[in-house]
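Trainee: Residue numbers (the UniProt record's numbering), protein chains in the order written: chain A, 1 to 332; chain B, 1 to 363.
For the record, the hints were derived by calculation from the structure and aren't laboratory data. This structure is a prediction, so every number in the text was calculated from the model and none was measured. All residues carry an ideal CB built from backbone N, CA and C; glycine is no exception. Please note that a few of the clues may not be correct.
[Said to hold, decoys possible] Result set (PhoX-like, lysine-lysine): computed pairs, CA atoms no more than 20 Å apart in a straight line:
id, chain 1, residue 1, chain 2, residue 2
1, B, Lys334, A, Lys228
2, A, Lys184, B, Lys178
3, A, Lys307, B, Lys334
4, A, Lys296, B, Lys178
5, B, Lys41, B, Lys178
6, A, Lys188, B, Lys242
7, A, Lys235, B, Lys334
8, B, Lys341, B, Lys242
9, A, Lys235, B, Lys356
[Said to hold, decoys possible] Short, incomplete list of chain B residues facing chain A, as computed with Cβ under 8 Å:
id, residue
10, Asn31
11, Leu96
12, Ile148
13, Tyr219
14, Leu222
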Amino acid sequence: MDNMDNSMEITNDNEMTVQQAVSSVVSNAPNNSGLMVALHPLTLLNISEHFTRVRMQEQIQSPQVIGAMVGTQTGREVEITNSFELAFDVVDGKVIVNGEYFTTKQEQFRQVFPQFDFLGWYTLGRYPTEDDIEIHKQMMTWNESPLFLQMNPFDIVTSKNLPITVYESIIDLINGQAQTMFIKSQYKIETGEAERIAVDHVAHTTLGEGGEGSSLIAHLTTQRNAIKMLHTRIKILHQYLVNAKSDESFVDHDVLRQIAGLCNRLPTIDSADFRQEFLTEYNDVLLTSYLATITKGTNCINELVDKFNIATSTNKPGGRGRHQQHQGFPNF
Amino acid sequence: MDSKIARDTFEFSNNIVTVDPIQDQIYRYNNDEQVQINQEKPWTKDIHYFTKVKISAVALIKMVMHARSGGNIEVMGLMQGKIDGSTMIIMDAFALPVEGTETRVNAQSEANEYMVQYLTTIRQVGRLENIVGWYHSHPGYGCWLSGIDVNTQMTNQQYQDPFVAVVIDPNRTISAGKVEIGAFRTYPAGYKAPDEGPSEYQTIPLSKIEDFGVHCKQYYQLEISHFKSTLDTHLLELLWNKYWVNTLSQSPLITNRDYSAGQISDLAEKLEQTETQLQQSGRVSGFPGGMSSGRGASAPQAATATSSTVGGASGGTATPTPEKRKVEESPLSKVTRDSTKITVEAAHSLISQVLKNVLFNKP
Numbered sequence: 001m002d003n004m005d006n007s008m009e010i011t012n013d014n015e016m017t018v019q020q021a022v023s024s025v026v027s028n029a030p031n032n033s034g035l036m037v038a039l040h041p042l043t044l045l046n047i048s049e050h051f052t053r054v055r056m057q058e059q060i061q062s063p064q065v066i067g068a069m070v071g072t073q074t075g076r077e078v079e080i081t082n083s084f085e086l087a088f089d090v091v092d093g094k095v096i097v098n099g100e101y102f103t104t105k106q107e108q109f110r111q112v113f114p115q116f117d118f119l120g121w122y123t124l125g126r127y128p129t130e131d132d133i134e135i136h137k138q139m140m141t142w143n144e145s146p147l148f149l150q151m152n153p154f155d156i157v158t159s160k161n162l163p164i165t166v167y168e169s170i171i172d173l174i175n176g177q178a179q180t181m182f183i184k185s186q187y188k189i190e191t192g193e194a195e196r197i198a199v200d201h202v203a204h205t206t207l208g209e210g211g212e213g214s215s216l217i218a219h220l221t222t223q224r225n226a227i228k229m230l231h232t233r234i235k236i237l238h239q240y241l242v243n244a245k246s247d248e249s250f251v252d253h254d255v256l257r258q259i260a261g262l263c264n265r266l267p268t269i270d271s272a273d274f275r276q277e278f279l280t281e282y283n284d285v286l287l288t289s290y291l292a293t294i295t296k297g298t299n300c301i302n303e304l305v306d307k308f309n310i311a312t313s314t315n316k317p318g319g320r321g322r323h324q325q326h327q328g329f330p331n332f
Numbered sequence: 001m002d003s004k005i006a007r008d009t010f011e012f013s014n015n016i017v018t019v020d021p022i023q024d025q026i027y028r029y030n031n032d033e034q035v036q037i038n039q040e041k042p043w044t045k046d047i048h049y050f051t052k053v054k055i056s057a058v059a060l061i062k063m064v065m066h067a068r069s070g071g072n073i074e075v076m077g078l079m080q081g082k083i084d085g086s087t088m089i090i091m092d093a094f095a096l097p098v099e100g101t102e103t104r105v106n107a108q109s110e111a112n113e114y115m116v117q118y119l120t121t122i123r124q125v126g127r128l129e130n131i132v133g134w135y136h137s138h139p140g141y142g143c144w145l146s147g148i149d150v151n152t153q154m155t156n157q158q159y160q161d162p163f164v165a166v167v168i169d170p171n172r173t174i175s176a177g178k179v180e181i182g183a184f185r186t187y188p189a190g191y192k193a194p195d196e197g198p199s200e201y202q203t204i205p206l207s208k209i210e211d212f213g214v215h216c217k218q219y220y221q222l223e224i225s226h227f228k229s230t231l232d233t234h235l236l237e238l239l240w241n242k243y244w245v246n247t248l249s250q251s252p253l254i255t256n257r258d259y260s261a262g263q264i265s266d267l268a269e270k271l272e273q274t275e276t277q278l279q280q281s282g283r284v285s286g287f288p289g290g291m292s293s294g295r296g297a298s299a300p301q302a303a304t305a306t307s308s309t310v311g312g313a314s315g316g317t318a319t320p321t322p323e324k325r326k327v328e329e330s331p332l333s334k335v336t337r338d339s340t341k342i343t344v345e346a347a348h349s350l351i352s353q354v355l356k357n358v359l360f361n362k363p
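Here chain A stands alone, though its shape is the one from the complex (with noise of 0.2 Å):
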């Protein structure tokens, strides 16, 4: 309860000079970098996790918490794959992080995964500060141009969108100074199979296993829960499209020719080539399945063949030894 009040009065000192910080720190000119950041889940759980953890060690209410993300650069393709810890020091109020940690820990890093890079830095907060311009241009000695990511750990249970903000830097002019700036960036989330499955197991796990009937009913839930995402949306296009027609709500041209470009790629593969993959596929399941249960069957009959053998031998309990003749199906 007291620790609620101490966030609300907090939150409420720091909206007025967050507000001022917002602009002078984010520029609010349209990114046209072109980068396309795709961001992995684990990233994220391990940020959240950092979090959580010198949350519960330390028992202080924001606790400040840096990291450094890596991943691969391909062009202007980002894929942040994985982060880690950093370790700072706080000097005169500034933030210097720790560069020899950092080397160390990048060979680490290296030695496993050799294919990664250092990519960019994250920290927790609602909207970056000066002091983050600092650490990002410490950051900079080791990539040119790092992104910088934020999460917001405090606004989470109220959104629905990710709290997460990608920036990366510009050098604006600013009454003829040069200053680094933020501009925000355009991200999506990237899973490969693998971590897919872990995600999905670890988030539908609840803490008492729940026993399943069977790994169909389980396939087919995991499905239609996608489908069921894609038809929530899709009836959501459907209305405003509704809407827009019979006037109600505003005609948003864009959004139009985004719909319509959508609607014309249906069907979305339908050539001869794709039709003979299917069926080769279909068929070579079937073939799989036809084998299963063939084997199968020839396992029913192997038992009912020793079950009858046992049956009908059983006349004639013991002493006549091992030259008695077998009576019964004959062995094939």
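We have chain A; now place chain B onto it with these hints.
Mentor: For chain B alone, kept in the frame of chain A given last:
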């Protein structure tokens, strides 16, 4: 301003917290407690002391991804955590720069330098837990401990207890759509485990089945459960909004082609073997007394044990000994199970493909 007040009231009255001190207590590392537990060493008195393993969300994902990134090569790493009663809690995992761990026992010692350096560095950022186990991957051949693994783990348990061994199969994970993971602890050498009966049956390729059968009695499995922080839960809910697309778009049938092909060829070999076995025993009488020697020497699950199991199928069911309640299976029924498993997985993937076809291709 009004909306802010409204939201704060909402949060206040519903007592929603981002970090729940009770649920997230597990993230707190209490050094004194751990030191005390390490001094008492209750596990030395009871071989079966540890029965459960709790793995954190982050550790699990890291291990699965590392295992997958190794492709068909076995990879390994270490896990950090703490003890809580008879549960081993794993908070985090990190990878080690060694490969091909199935061919040598000393792979772990190569990475000693890395490990020591890693531990010193990580302490600086507040991760204070000790190493409580190691994990490695068995790409495509199931979660169990091979002979070398058993040796490694026995050494570990001798010198570094408390220690647990975790095995992950990334190929099976993808093909089955759920995480294939197992946690094990070995018995000390010479200890004869009480006959617990076969644990959940696993399909194991022919080339490895001998290794499995010889050692499967030397260790026992621990129950695995998972946990995550409140913040993790929130994040995951929000993440689902984004990655449902991937659920639909990914197709395990295609990604796992090599693996499924391997499975089928393995199945073919097993079928051949079964056929020869049945032919041999078919000529000899399947009389209950006839193959009793084979039945007596029944090592469970060792499909390489030839006619004993076939004889067992007919004889064992007639006069089951009271202690050995476990049902002995003929190799044919094992093969049936394997083939069913392969089919089920393939059918699942096909279902996804068909669904997508219907959704996006039909006019």
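Trainee: Next step is simple, just say for each hint if it's right about the structure.
Mentor: Evaluated hints:
| no. | hint | result |
| --- | --- | --- |
| 1 | B/Lys334 to A/Lys228 | 39 Å, violated |
| 2 | A/Lys184 to B/Lys178 | 36 Å, violated |
| 3 | A/Lys307 to B/Lys334 | 18 Å, holds |
| 4 | A/Lys296 to B/Lys178 | 25 Å, violated |
| 5 | B/Lys41 to B/Lys178 | 35 Å, violated |
| 6 | A/Lys188 to B/Lys242 | 8 Å, holds |
| 7 | A/Lys235 to B/Lys334 | 48 Å, violated |
| 8 | B/Lys341 to B/Lys242 | 31 Å, violated |
| 9 | A/Lys235 to B/Lys356 | 18 Å, holds |
| 10 | Asn31 | 10 Å, violated |
| 11 | Leu96 | 7 Å, holds |
| 12 | Ile148 | 21 Å, violated |
| 13 | Tyr219 | 22 Å, violated |
| 14 | Leu222 | 14 Å, violated |
Violated hints for the displayed structure, listed by number in ascending order: 1, 2, 4, 5, 7, 8, 10, 12, 13 and 14.
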